[in-house]
Amino acid sequence: MITRRTLIAASGGLLVAGCDKLDSSPAFRRTLRLGEKLSFRAQRLISDRAALAPEFRPEQRSPIFRANGTRLPAGEAYAAHAANGFADWRLVIDGLVARPLSMSMAAIRSMPHRSQITRHDCVEGWSAIGKWTGVPLKLLLDHAGVRPAARYAVFLCADGFGATPYYESIDLIDALHPQTILAWALNDALLPIPNGAPLRLRVERMLGYKHAKYLERIELVDRLDGLAGGRGGYWEDKSDYEWYAGI
Amino acid sequence: MQPPPTASAGFLVYRHRLVTRLWHWINAVTVFVMLMSGLMIFNAHPRLYWGQYGANFDTPWLEIGSTADTGYLSIGNVAIPTTGVLGYWTSKDGDIQHWAFPGWATIPSGYSLSSARRWHLSFAWILALGIIGYWTASLVNGHIRRDLLPKPDELAPRHIWHDIKSHARLRFPTGTAALRYNILQKIAYVGVLFGLLPIIILTGLTMSPAMDAAWPWLLQLFGGRASARSIHFIAAMLILAFILVHLLMVLLAGPFNEIRSMITGRYRVPLDRES
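Chains as they are written, first to last, in numbering that gives the first Met the number 0: chain A, 0 to 246; chain B, 0 to 274.
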């Protein structure tokens, strides 16, 4: 017998089944992704390029700062660097730059630095507040001399999920933002391994998965479709997350 | 929905404008997509906090969790067993799942945060542009002032109490009185239109790190990102409660007439009860 209850349950089920079916169509996913483009344009339209993410007072920090994603990169190479206090770690900046760089951690830590107490927002919904210290990415990019053709900075990392090393990318508006730093300290201590030692990106107007950890190389490029799956980042390629992670 | 002078019991009258009907049906779809994809997003971190931040080491005020063979909802110090529905449930394929909200309540039905975010953040545009359009149209055509805002005498406690009593007895207005929204309806509609919907949109924006940089007052308004997320969830549950009561009222008041009036705009004036 068809009761009202089964009818409601059935229509609910149909709605879910319908959405699941739509979701499996690449054309429909592309259409839905218009929302991402709209959010990207709208947020860029209403915010100043240099609009700062809120900064907090020291006592507003999370008692324990949650680490997420890779907590310890696999492999002997990283273990050797960690045992050695990252004394031999190098950061390479290349691609569309006038003067490719390869810098030691000592050289990076001796550069002018910025400290900021900011909130880290995970795409999952949790947030944690911590104090980050590091060199503004703009200083390094100015040293390297970004060529006019460059539009994106690609971050290549030492941590991998299986065989694929982590990678992410941001455009130059975010790369040159005053709060975009390569952090080497968290809460006044050298960056712990679970949080990305020895060097990680902070790009404060973006969700957590953009903040690449265990940085080895930054490559300046003019387009992203040549990078791995073509969508500009590890989670973007693997699980269809949005490249624009401002919301 | 101004009743024409000739409106009397038994006659069809033009009740809902096109703008109202259009917005109603767009929302009927949009709000369900928002609610169900929102529950999937909640599944990614099924804990709510107050304040600027909140993560696994912090104390949530609400959590949906599971043990090896039970599911629970805990609010403050109270844990409510929810085995079979929340935190511990069986999927269509017969697998035990530990996600907070079950597959029949979420979009998509299987765990995918990225897909749920795509649904949620795209339909959010439809919801937000829809409400802005509806506000503007209803302000211009007088719907808000004439039909939705309570008149001073309707807000008298005696009048409200009278309406609560007749609702409780399921005695709905008849004749031309049925063409005006009663005070409880007005309070519910105004509360959703000018309370819950703006709150849910603004708290949604507060969770966006780029919006917090562009509009830092959002964080001050809601007391932080974790608070905004909590308020967003509470507002969503209140909208769900509104929808359930709304559907119940439509069923009790005569679903055919009510649904027709929201499709064609025409409503048959209910006959007076014999008393």
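Please note: incorrect hints may appear among the correct ones.
Stretch by stretch, here's where chain A covers chain B in the computed footprint (C-beta under 8 Å, at least three residues) [what the hints assert, rightly or not]: (1) 72 to 84; (2) 227 to 233.
Simulated restraints on C-beta separations [claimed, not checked]: (3) Ala176/B <-> Leu14/A: 33 to 39 Å; (4) Gly17/A <-> Gly83/B: 21 to 27 Å; (5) Leu138/A <-> Gly50/B: 30 to 36 Å; (6) Gly109/B <-> Asp187/A: 42 to 48 Å; (7) Ala78/A <-> Thr58/B: 33 to 39 Å; (8) Ile45/A <-> Asp94/B: 26 to 32 Å.
Worth flagging that the hints you see were computed from the coordinates, not collected in a lab.
Please read all numbers here as calculations on a predicted model, not as lab measurements.
From the three backbone atoms N, C-alpha and C, an ideal C-beta is built for every residue, glycine too.
Status of the hints after comparison with the structure:
no. : hint                              : in the structure
1   : 72 to 84                          : violated (count 0)
2   : 227 to 233                        : violated (count 1)
3   : Ala176/B <-> Leu14/A: 33 to 39 Å  : holds (36 Å)
4   : Gly17/A <-> Gly83/B: 21 to 27 Å   : holds (25 Å)
5   : Leu138/A <-> Gly50/B: 30 to 36 Å  : holds (34 Å)
6   : Gly109/B <-> Asp187/A: 42 to 48 Å : holds (43 Å)
7   : Ala78/A <-> Thr58/B: 33 to 39 Å   : holds (36 Å)
8   : Ile45/A <-> Asp94/B: 26 to 32 Å   : violated (44 Å)
The structure fails to meet hints 1, 2 and 8 from the earlier list, while all remaining hints are met.
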